[in-house]
Amino acid sequence: MAKFKKKKDGGLPPVNTAALPDIVFMLLFFFMVATVMRENTLKIANILPVANQVEKLDKKNPISYIYIGKPSDNYASKFGTEARIQLNDDFADVSEIVPFINQERAALREELIPFLTVSLKVDRKSNMGIVGDVKQELRKANALKINYTTGTGDVSANAEK
Amino acid sequence: MAKRAAPEVNAGSMADIAFLLLIFFLVTTTIPKDSGISRKLPPIDESETEPPIIRQKNIFTVSLNNRDQMLVEENLMEIEDLRAAAVEFLDNNGDGTCTFCKGKKDPDSSDNPDKAVISLKNERETSYATYISVQNELVAAYNELRNRRALEIGAQKGFPNMNFIEMQAKLSDVRWSGNRDKLKEVIEQIQLEIPQKLSEVQ
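Listed in order, the protein sequences are those of chains V and G. Counting from 1, position 146 in the first sequence corresponds to residue 146 in my numbering; the numbering is continuous, with no gaps. One gets my numbering by counting positions in the second sequence from 1 and adding 161 to each.
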């Protein structure tokens with residue numbers, strides 16, 4: 001009978017994990033292709049409102065971002081809880097927008113300058129006051145193409161607090 | 162000495178390395194979602210020219226107060242009803258010059274889509290989310306009329322069953338193989354017939 005007792009009883013055979021790297025690489029490539037590097041570290045809360053009549057922002061044209069929102073918890077003690085503007089990586093004052101736009105323009109090729117679009121990423125809980133101030137500054141800087149960047153969805157989602 | 166086969170490389174930690182890279186990319190990247198409502202700001206006008214006089218019946222006033230309530234033509238209105246009201250105003254065709262309008266021809270509402278202006282006013286305390294909702298509904302009203310018009314003239318010009326949004330998408334799609342110049346002409350015609358005249362009060 002010993003002849004037939006070669007296998008140890010109990011214990012499952014080990015699962016073959018040879019394909020695991022392939023699967024992980026597949027995921028890796030997906031994320032490398034579908035995502036972009038974070039450009040700015042946000043210091044503010046930035047949950048965008050939603051809209052359904054949206055247009056895609058053309059990637060061929062240069063885009064500058066202006067973020068507006070309440071300082072996030074780490075900065076609340078220093079910067080308060082009123083909505084603030086963030087340009088690049090830091091909080092900014094309304095008066096810094098014109099120099100910011102000029103600086104963005106200086107970094108562009110000349111033929112692209114008229115196509116510069118300013119994307120306003122404004123937290124949905126902000127007030128229109130600060131947005132209006134920013135728009136006025138953009139008019140002063142003659143950066144007239146703007147885009148209220150939003151998520152996509154039905155506007156009824158905006159009503160909830 | 163017999164030739165020995167090269168020993169197999171241990172690939173057991175390959176998965177770990179791949180995971181490490183994967184997690185790095187998950188953390189440092191974001192999925193871009195850059196879409197939104199595009200607007201053009203009016204340039205600062207320093208000349209002292211008198212603004213053109215617009216008759217009151219051609220202006221559709223929308224104002225938002227600091228408690229996010231909306232007043233449309235002096236009446237309180239919910240955001241859900243704004244789109245239909247704006248379409249009715251734009252499509253009214255009071256003077257009968259608009260050949261494609263299907264409105265009621267009410268003499269107290271707008272003359273034609275070319276003359277109709279929507280004026281949007283907001284307080285400093287109005288919330289941004291409400292403002293975007295209103296902007297969205299007003300753009301939707303214009304798009305509704307433009308889509309309807311596109312279906313009408315698109316059929317004559319050789320772009321059947323294509324609404325305005327699809328036309329614009331096709332025009333910017335590099336893979337689309339069609340008569341680009343002709344499509345651009347149609348889009349420009351519609352934009353001329355139903356211009357987006359949305360003015361914001363400062």
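Rather than coming from a laboratory, the hints here were simulated on the basis of the structure. Yeah, the Cβ is synthetic: ideal placement off N, Cα and C, and Gly gets one too. Accuracy of the hints is not assured; some may be wrong.
One-sided excerpt, in silico: chain V residues whose CB lies under 10 Å from chain G [what the hints assert, rightly or not]: (1) Thr17; (2) Leu28; (3) Thr35; (4) Lys43.
Is the interface hint satisfied for Leu28 of chain V? The criterion is a beta-carbon contact with chain G at less than 10 Å. holds (4 Å)
Interface hint compliance - Lys43 of chain V to chain G, C-beta minimum distance less than 10 Å: violated (16 Å)
Does the nearest C-beta of chain G fall within a distance shorter than 10 Å of the C-beta of Thr35 of chain V? Hint on Thr35 of chain V: holds, closest Cβ of chain G at ~4 Å, below 10 Å.
For the restraint on Thr17 of chain V, tell me whether the closest CB of chain G is nearer than 10 Å. holds (7 Å)
Hint 4 alone, counting from the list given before, is not met by this structure.
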